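Residue numbers (this note's numbering), protein chains in the order written: chain Z, 4 to 260; chain R, 4 to 260.
None of these hints come from the bench; they were simulated from the model. Note that the structure is predicted; figures quoted are calculated from it, not measured. Just to be clear, a hint being listed does not mean it is correct.
Below, a list of computed lysine to any residue pairs in the SDA-like style, where the Cα atoms sit at most 25 Å apart [to be verified]:
1) Z:Lys57 / R:Arg54
2) R:Lys57 / Z:Ala73
3) R:Lys57 / Z:Ile260
4) R:Lys57 / R:Asp215
5) R:Lys57 / R:Glu15
6) Z:Lys57 / R:Arg254
7) R:Lys57 / Z:Ala71
8) R:Lys57 / R:Arg180
9) R:Lys57 / Z:Pro182
10) Z:Lys57 / R:Gly31
11) Z:Lys57 / Z:Gly72
2 protein chains.
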Amino acid sequence: MTAGLTPARARERFRAGLSTPTSGWCAGWTQANLIAVPQEYAWDVLLFAQRNPKPCPVLDVLEPGEFAGAILEGDVRTDLPGYRVYRDGELADRPSEVVEHWGDDLVGFLIGCSFTFENALLDAGVPVRHIELGRNVPMYRTTRRCRRAGRMSGPLVVSMRPVPRALVDTAVEVTARYPQVHGAPVHCGDPAALGIADLGAPDYGDPVPVADGEVPVFWACGVTPQAAVLESRLPLAITHEPGRMLITDARDTDYRI
Amino acid sequence: MTAGLTPARARERFRAGLSTPTSGWCAGWTQANLIAVPQEYAWDVLLFAQRNPKPCPVLDVLEPGEFAGAILEGDVRTDLPGYRVYRDGELADRPSEVVEHWGDDLVGFLIGCSFTFENALLDAGVPVRHIELGRNVPMYRTTRRCRRAGRMSGPLVVSMRPVPRALVDTAVEVTARYPQVHGAPVHCGDPAALGIADLGAPDYGDPVPVADGEVPVFWACGVTPQAAVLESRLPLAITHEPGRMLITDARDTDYRI
């Protein structure tokens, strides 16, 4: 039933304290990753996103003092079901809201999330395992490097969905139509090709089984800037908790081509 | 024969002093608009581009001290067939190279250009009038406003190509596959809908006739940031001369979806 909620109703629940992965919530609406950094680092982050559009498609930017915007009527500091606060390249806190942490000079980036195209996958008959199991999507740091921008550098992070072999082409075609929410997969089939040693031990989210006859399919993931924030030891960054996304007021079809 | 040149050979001619519109040059290669501003204004320009992706698709960013990059082996200060220097919102100079003007703190943005998809239009049987006539494409300032970013605000600028009525759908379909070089048209048919009073008096480039049975088709144009630089009275901006583009080392198919 959470699939039928409006974004405003979903955000209301998260604001009230509910913390849960948002995959499967608010079918038809666009979900977004959050990364907010001090203005001094905003150029590096925006340039990093421009240079790595596959993992970091920017949907909107909230300038200092803005907590809502063109695709969000709520409050970005309270309306997500989970946050992370990184300080000097360490995970410092995982609060349920970040009003106190959000300084006057923070710039917030809303970055496309692959949960947005999962409804289209289901419509096309492609099963989505983590939704079936009520889990978070598994996410992995890879050995592929992003293109550096100023002080921001780091690895590509990917999400993984097992897809029946006969439906891999369909999954590619469907998701390719959503380039703003990561688009087509970056790799199908071999975890080792991305430097992933064990699918059962994701770096973020929950593991899901890959059945016989299924292929692990990997999409670029908006957690990528979090990995860069860690590696680059930015003094401060506020992000969503991986898998617990901002649900925006933009329709998923707004980003379909 | 200029259609068959490599980008390196074309840039060599421009570096030697040739000034000419580049439409029709180097078939199969990506052309780009240039806008360079002092670092202090770079955030505003990049955010303006992010907020107005149709006229301002960023292909690459050259940081201070960089005159070449991932899609350019030449020198951005000498290899274009014409430049403009804007100071305090006035057109100050139209030099043939900008080595002396290009200060240590300039950030250069390479922005997609619709000349890139003209080869695909020709391949699809859609005639391109300004190439037929050996002219520059006509460009117009419209009454549509771009979304503001910091100190950058201004109108949408468009290029116009007359298309036979029966081929308008084809022109839309072909160009929609190139979102990084302006993609599908922003309007087909009525110049007045964009606030264009007289197709015969473009704001940049040359007029071209629209024959009976043809529809004027308007694409977003990478001269848009120049209009914003004027309106926003930036202290300094270096751009290409409209229609006299940077020819990059990226294939046009790199930007086709």
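Here is how each hint holds up against the structure:
This hinted pair checks out: Lys57 of chain Z and Arg54 of chain R have alpha carbons roughly 18 Å apart, not beyond 25 Å. Of the pairs offered as hints, the one joining Lys57 of chain R and Ala73 of chain Z holds, with about 17 Å between alpha carbons and a cut-off of 25 Å not exceeded. This hinted pair checks out: Lys57 of chain R and Ile260 of chain Z have alpha carbons roughly 13 Å apart, not beyond 25 Å. As the CA atoms of Lys57 of chain R and Asp215 of chain R are separated by approximately 29 Å, the hinted pair breaks the 25 Å bound.
For the proposed pair Lys57 of chain R and Glu15 of chain R, the alpha carbon gap of about 30 Å is over 25 Å, so the pair is violated. Restraint check for Lys57 of chain Z and Arg254 of chain R: the C-alpha separation of about 19 Å stays at or below 25 Å, so the hint holds. Restraint check for Lys57 of chain R and Ala71 of chain Z: satisfied, since their Cα atoms lie roughly 23 Å apart, inside the 25 Å limit. Distance check on the hinted pair: Lys57 of chain R and Arg180 of chain R sit about 13 Å apart at the alpha-carbon level, within 25 Å; holds.
At roughly 15 Å between alpha-carbon atoms, Lys57 of chain R and Pro182 of chain Z fall within 25 Å of each other, so this suggested pair holds. Taking the CA atoms of Lys57 of chain Z and Gly31 of chain R, the gap is about 24 Å. The hint holds against a cut of 25 Å. Between Lys57 of chain Z and Gly72 of chain Z, the direct Cα distance comes to roughly 23 Å. Compliance with the 25 Å bound is thereby established for this hinted pair.
Hints 4 and 5 from the list above are not met by this structure, while the remaining hints are.
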